[in-house]
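S.K.: Now that you have both chains on their own, put them together as the hints suggest.
Chains as they are written, first to last, in our numbering: chain A, 27 to 164; chain B, 46 to 436.
Source of the hints: derived by calculation from the structure; they are not laboratory data. The C-beta atom is built at its ideal place from N, Cα and C for all residues, glycine as well. You can take every hint at face value.
In the DSSO-like style, the derived pairs of lysine-lysine whose C-alpha atoms are separated by at most 30 Å in a straight line are:
| # | chain 1 | residue 1 | chain 2 | residue 2 |
| --- | --- | --- | --- | --- |
| 1 | B | Lys210 | A | Lys67 |
| 2 | A | Lys75 | B | Lys210 |
| 3 | A | Lys89 | B | Lys349 |
| 4 | B | Lys210 | A | Lys105 |
| 5 | A | Lys104 | B | Lys210 |
| 6 | A | Lys73 | B | Lys210 |
| 7 | A | Lys116 | B | Lys210 |
| 8 | B | Lys349 | A | Lys127 |
| 9 | B | Lys210 | A | Lys82 |
| 10 | B | Lys349 | A | Lys116 |
| 11 | B | Lys210 | A | Lys127 |
| 12 | A | Lys64 | B | Lys210 |
Computed footprint of chain B on chain A, listed as stretches where at least three residues anywhere in the stretch have a Cβ under 8 Å from a Cβ of chain B:
| # | stretch |
| --- | --- |
| 13 | 75–83 |
| 14 | 100–112 |
| 15 | 115–122 |
Footprint (simulated), chain A over chain B, 3 or more residues, beta carbon under 8 Å:
| # | stretch |
| --- | --- |
| 16 | 69–80 |
| 17 | 116–127 |
| 18 | 151–159 |
| 19 | 164–172 |
| 20 | 403–410 |
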Amino acid sequence: MNMLKKLMITSVLFASFSSFAEISVIVNSANTDQINAKLIKRIYLGKIKAFPNGKKIKVLTLKDGTPETEVFRQSALKKSNSQFKSYWSKLAFTGKGTPPKEVNSAADMINAVKADASAIGFIDSAAVTGDVKVVAKF
Amino acid sequence: MKKTLIASGLLSAILASNVYATDINFSGYGSIRGGLLVNDDITPGYFGYDDKVDFKNESLFALQAKANLNDAWNATIVLQARGEDDFNLEARWAYLSYELSPETTLSFGRFALPYFRNSDTQDIGYSHNYSRLPKSIYLGEEYDIIEGVRVMHSTFVGDGDLTLKGSFGSFSGQVNDVDFDLDNIIQASAEYTYEWFSIFAGILSAEASFDTKASLNAGLEATLPGYTVTDGMVFTPSALGATAVYNMEDLYADEDSTLYWTTGITIDHNNWLINAEYAAYDIDDSFIEETQVMYFSVGYRFDKAVVSFVHQDFDYSFDYEQANSIDPYVNAFVKGTTDRLLKDNSYDAQGIHLRYDADQGVSYKFEYTRINNDLSNKSADLVTFGVDFVY
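The shape of chain B in the complex, shown without the other chains (with noise of 0.2 Å):
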């Protein structure tokens, strides 16, 4: 509902600024990607593809309406139509900015919320080498979008400039079909570029809610027979006293503290391209783990195509703190959910990805990833190709 508020709001705004603005600005991307695996021992998650070839899942168009209302104010709409959500038009980006200086401008409304290097760019095929950004770090959630505050501030240093991004915000929605909330979202960023080098580093706290209580509640009870949940204890049988074992709240992630943090480097020297991003999150007192995220990718960049191989790698590292009942029984259950949850999301994977400028803002891109299961030693592997563009 907000959502639609403040992009109906800017949309309007963006209209009627026809009468009095100089100048107003269309542009948009848009992706038609396929893929499939052709060996689906396993079918890991986020990859978004199975035996059957999808050409709907990935594909998406994009349309940027952007006016100048005066020197200092501009209004910006995009409106995205993706094929997992059966192109249904939504407003990706909605916002007014204001120029304060040259240098530093104040954006309010809803954007892409920079968790990693190329959050703001990832939906932009066009806009990088890969047939898909590397998916260890670019799961493509919900949560990728915020509504609220940004400032942007450039400033040269030496030869080189230096970008700096803080963002504050909120997001509510849903993650896979369960309602997520992140409240509180403060982010920081800052790139320093120089020719051909350039550095990334930033950090993001937020309180995270999953609406999951009713469902943990109900398997600790379901798995130990005799132990009660009430109001958030849980209880031993009454035939062992029923007495308090366990905080569930150590569990449940409800409006507990969130850190991201990550750094990156791009080299591009010679025609010779390297690109990699470690990223670190977790959610405290619940049932997520410290996950380590990682690529690394070296490419060469002929006339027209850039070839690339990625290395990427996604592990959790696993300290089971929220186990800490008196009860062993309680822990294993604790830790057997944290287990089922996460475990088999563990996989290295690594790939070749090919990019060929066919015409003036168009390319095609071609991948092939193989994918290992951490758990489960066993692989797939992935195909995907499409042709990306800008307008």
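Same shape as in the complex, but just chain A (with noise of 0.2 Å):
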């Protein structure tokens, strides 16, 4: 019994996984830069802080625990949460940058994207709306 409990439990974990299994990283519909994976690699990672443009980047990211954010982290990234954290703590106290800012929701994020010429952001693909420029899928 508890096995099987076990089983469905991960098999519904697995199902909710995979409904994020598409990501895109959206900016705002006015942004015209190049952005490939390797920037958005480099913007996650602090190691660029101003658009080809030279506008100053505005980072976004979704709250540590959703699938959403774990999906990006590891396919974008390479990296797991606690392996991100750790990371970005070496940076954030030490004077090299100021992490990701958190949005609560997808809905968040597209607004705060369509109002920010210089920000960046990640949401579960199914949830894009003709507000905002995807410039890649993971």
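M.R.: Shown next, in the form of structure tokens:
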């Protein structure tokens, strides 16, 4: 019984995980910069602070615990949540940068990116609307 | 006094900036760590534990407040309460930063001095996979911080990135209850990171002064009856002509130049983790001999856990250059003093460290290390365990 329960929970988890299998990285529709996977990685690891057009980047993330965040960090940054947090703790407490700012939901992310020409964020591809521009998918 | 001024000035700057700033960012880190020697044939220095379990010595809490004053300037303060200081609040970092460009930042104030690769982050247990950073290099000394200026520049070289750091400043405080000053500190380091590989090199020079003159003079006069020290010169007993035979300046550490150099590599590839650091440092014309320290670690990352084996070594290269008197008795005293102060410190140690990521921003740590004293050939076994967190 116990085993069965575990199996069920695992498969439910797996299902919810896989439904977020695709993540879209989004920027403001007015952003015309070429943004590829390499640049995205550098942005989220704090190695680049401005877009090629010179504008300072406002980096956004969904909350730590969400499946979207986990998938994004794993596939785009090749880091687990704890690796990502360890990495950023070295930067954040030594004056090398400020970690990505958290927003609460996909809708908040779309609004924040829509409102700020220098913002970048990511959401579940299924949640993308015409208000933002998708620059990469993971 | 100086540090209090900088700290309180910055604190009020940050609080006042509330009115203008779009955001003040609060974050922090901390550790609760306990440990004890389960075998204490010796009690090794710097490891900080004896045969009774202790939860205070290495536990700490820190809160960082960072205010963006405008696009280029920000003010940051890290308030830290350490168990070893009875959890008295200290401004560990307190600085103003000016972003010259997205690649170059200037900081002014008080901050960690990057003697070694991880000196900046040695208080942040969560940032590394060890229970504590290897003690052979990371001694956790008071003079790990300075007041001064720091410049940081990062740039891309090929597919990797290069970070350059330079600092200038001074330190004034105490080491083992003895007054210790470092003046004209100049530090420079470079780190190149490519995907899974990184290499680091750094150099630091300063003028070091230990307030040990009186005790060294008294030691000589007590050891060699009849010899006298006047204005730093050693004179033989009057029966032997009271001739000047040694300049104690060669034994004192008094505005003598000190040089650190260090290098290290890190590999993080297919869940295998390799980390190695080497450092050598010395204070010229003093009782301090060249210190050579290293560690090497191999680890593997499982899903939520990291296991690391660490080998460390702490040694001196004795040249007794300071024993340059024409009088053999004085030389014997000088050599004996150097040996007495340093020789017992040499050791090597092997240990296993575990990190387990329990939850978002929380990791459990465990360490078992055997420390072998080179001089006595005796060993101690140390166990530490704790929780590291960031928020």
